[in-house]
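Asker: Position chain B relative to chain A; hints supplied.
Line order of the protein sequences matches chains A and B.
Note that our numbering gives residue 158 to position 158 of the first sequence, counting from 1, and the numbers run on in steps of one.
Note that our numbering gives residue 111 to position 111 of the second sequence, counting from 1, and the numbers run on in steps of one.
None of these hints come from the bench; they were simulated from the model.
No experiment lies behind these values; they were computed from the predicted model shown.
Some hints here could point you the wrong way.
What the hints assert, rightly or not - Looking from chain B toward chain A, a few residues come up when the C-beta cut is under 10 angstroms (computed): (1) 56; (2) 91; (3) 100; (4) 101; (5) 154.
Said to hold, decoys possible - Quick list of in silico lysine to any residue cross-link-like pairs, SDA-like style, CA-CA up to 25 angstroms: (6) 103(A) / 73(B); (7) 6(B) / 26(B); (8) 179(A) / 82(B); (9) 179(A) / 3(B); (10) 103(A) / 72(B); (11) 179(A) / 143(B); (12) 175(A) / 104(B); (13) 103(A) / 59(B); (14) 175(A) / 105(B); (15) 179(A) / 26(B); (16) 175(A) / 162(B); (17) 175(A) / 120(B).
Ideal placement from N, C-alpha and C gives every residue a C-beta, glycine not left out.
So the chains spell out like this:
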Amino acid sequence: MSTVTLIHGLNLAAIYGLMAIGISILWSSVGMINMAHGATFAASGYAAWQVSLIAQPLIAAWLGTGLDASIAMGATMIASGLGAGAIFGGLIFLLAYLPIHEKANFAVRSLIVTLAINLATVQLLLYFFGPRQRALPKIFGLGRTEILGIPIRNDQLGTIVATALLMLVVVIWLKRSRKGLEITAMMQNPEGAVLSGISVRWTALPVTMLTGALAGLAAILLSQTVFVSPTAGALPLIKGLTIALLGGLGSIPGAIMGAILIGFLEAIVGSISFLGQRYVLFSQFLFIITVLIIRPRGLGGLLDQTRESRNA
Amino acid sequence: MHEILKIEGLSAGYGPLRVLHEIDFSVQEGERIGLVGLNGHGKSTLMRSVMSLVGWQNGSIRFKGQEIGGARSTGAGRRTHAIVQLGVALTPQGDAIFPGMTVAQHLDCGAHSKLAWRQRAQRRDAVMDIFPPLRKLESALVGTLSGGERRMVSVGRALMTEASLYLIDEPSLGLAPKISKAVLEALFALPKAGKAMVIAEQNVALLAGRVDRMVGMHAGRLRGDVGHVALS
Chain A
1 MSTVTLIHGL NLAAIYGLMA IGISILWSSV GMINMAHGAT FAASGYAAWQ VSLIAQPLIA
61 AWLGTGLDAS IAMGATMIAS GLGAGAIFGG LIFLLAYLPI HEKANFAVRS LIVTLAINLA
121 TVQLLLYFFG PRQRALPKIF GLGRTEILGI PIRNDQLGTI VATALLMLVV VIWLKRSRKG
181 LEITAMMQNP EGAVLSGISV RWTALPVTML TGALAGLAAI LLSQTVFVSP TAGALPLIKG
241 LTIALLGGLG SIPGAIMGAI LIGFLEAIVG SISFLGQRYV LFSQFLFIIT VLIIRPRGLG
301 GLLDQTRESR NA
Chain B
1 MHEILKIEGL SAGYGPLRVL HEIDFSVQEG ERIGLVGLNG HGKSTLMRSV MSLVGWQNGS
61 IRFKGQEIGG ARSTGAGRRT HAIVQLGVAL TPQGDAIFPG MTVAQHLDCG AHSKLAWRQR
121 AQRRDAVMDI FPPLRKLESA LVGTLSGGER RMVSVGRALM TEASLYLIDE PSLGLAPKIS
181 KAVLEALFAL PKAGKAMVIA EQNVALLAGR VDRMVGMHAG RLRGDVGHVA LS
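Bound conformation, chain A alone (with noise of 0.2 angstroms):
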């Protein structure tokens, strides 16, 4: 394996983790698929887009086009994409889960649902932005830095070190902090946690806000690779769900495992020359099949028997 297979497979690892992660968490902890997770990531790029517009020229007139620049124009964009990953997560709570959240059969409810914010929101983004792709300002530069002898795209590297940073950051805060213990004891087992006197209903926002924060990180950072357009979430959508479904439903290290696995696997077979990228989808697919075959609860999954008498 060539290091830029290599290198290739971590940054697509790093950004399908984020939006596997995001899934794994929220169906552990909310008991929700969530659909509209595409919709959340293209919704972000567009809002990062229309704040590029606007900081751009701001940017430049307050810091010339130097290094500063440059830096102040990445912070804008990471938060930009943060933020609104962050507002539509709170849309997906208001919209999907606090009006059905007591109704029987609420993981199948809550996936219709989340499937229909997810159709509207690519309309909408279609009806106000049109089809066109739009590219998102450059935020980690284009050259290449050189590691150990290796050069790394910036693009990539930035992608790499960021996603790995906020992971870090997350699963420490789910871990030492007491909004963190809310939501791991939420995941682990709901009626204790509301017996601990932890309310579910208002415990589940911070969780849609965190997982949609981070499927609008991913989406900025897979932006610097490809264009902003309306369907841009479907993909990731899709692999970030499969994903989650490789790694376990509800754990983090099998989804961080699988987007890993999934990562190199998409970043060999298109490099292997008589393969390329139209076997892609089709080895992932397979890949994901024969481990769900041989191991149903994925890779990490431990937590199903205390999820499943919450919808029963």
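Answerer: Just chain B now, kept in the frame of chain A:
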């Protein structure tokens, strides 16, 4: 004496099934009450309806004069966290544990209210004094513990909260006699001033002589105050 809990005309059940039939029940401050009866006669449902965790319920439940019962139109558990914050703690059957958390984290969950969170280390220490076996298991995952240790963690979590009414559902369920006795002894040793405890139990002999009152339960109705029972 001060009345902590007053239940009047409580009926509760699940869907078309009616489990409790117009129950009247009250708990005074400083009391330790044994709620005895066979399986399936409504002991757990009574406790769970105080926490607003059953399918449906109506009738008045007053906790320190504040109404926490009544018919509810929302789903089960919507109000539970508020009731916990008022000061009622339930250790449910089956323990409702968090398998992937360490014992320390698990206990912290009980001290989740803003005030208690700051003193969680002291409170954890107090719980470990009550259940000494937990001290060396502090960083073990709860999912890997034995049944008795889990029960201690579950009761410990309830003790971490700022509660004045403890509802302990079948503390001896599924435990070896020696261990269930240890758990119950720890419960009996807790200070009673300003607090009250209701212990649901099938095994009357375990409670005999150690509780202030015993209340029998049969087919969803309370069958009189048995009063102080001494079996030997």
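Asker: Indicate, hint by hint, whether the structure satisfies it.
Answerer: A quick look at each hint next to the structure:
1. 56: Status violated, d = 13 angstroms.
2. 91: With a closest approach of 8 angstroms, the residue 91(B) hint holds.
3. 100: This interface hint holds because 5 angstroms falls under the 10 angstroms limit.
4. 101: It holds, given that the least Cβ distance between residue 101(B) and chain A is near 7 angstroms, below 10 angstroms.
5. 154: At about 8 angstroms, which falls below the 10 angstroms cut-off, the nearest Cβ of chain A leaves the hint on residue 154(B) intact, so it holds.
6. 103(A) / 73(B): holds (12 angstroms)
7. 6(B) / 26(B): Roughly 4 angstroms between the alpha carbons, so the hint for residue 6(B) and residue 26(B) holds.
8. 179(A) / 82(B): holds (17 angstroms)
9. 179(A) / 3(B): Violated. Residue 179(A) to residue 3(B) sits at ~35 angstroms, over the 25 angstroms cutoff.
10. 103(A) / 72(B): Holds, because 14 angstroms separates the two Cα atoms, which is no more than 25 angstroms.
11. 179(A) / 143(B): Between residue 179(A) and residue 143(B) the Cα gap is close to 22 angstroms, so the pair holds against 25 angstroms.
12. 175(A) / 104(B): holds (12 angstroms)
13. 103(A) / 59(B): holds (24 angstroms)
14. 175(A) / 105(B): Satisfied, since the Cα-Cα distance of roughly 9 angstroms is no more than 25 angstroms.
15. 179(A) / 26(B): violated (36 angstroms)
16. 175(A) / 162(B): Between residue 175(A) and residue 162(B) the Cα gap is close to 23 angstroms, so the pair holds against 25 angstroms.
17. 175(A) / 120(B): holds (16 angstroms)
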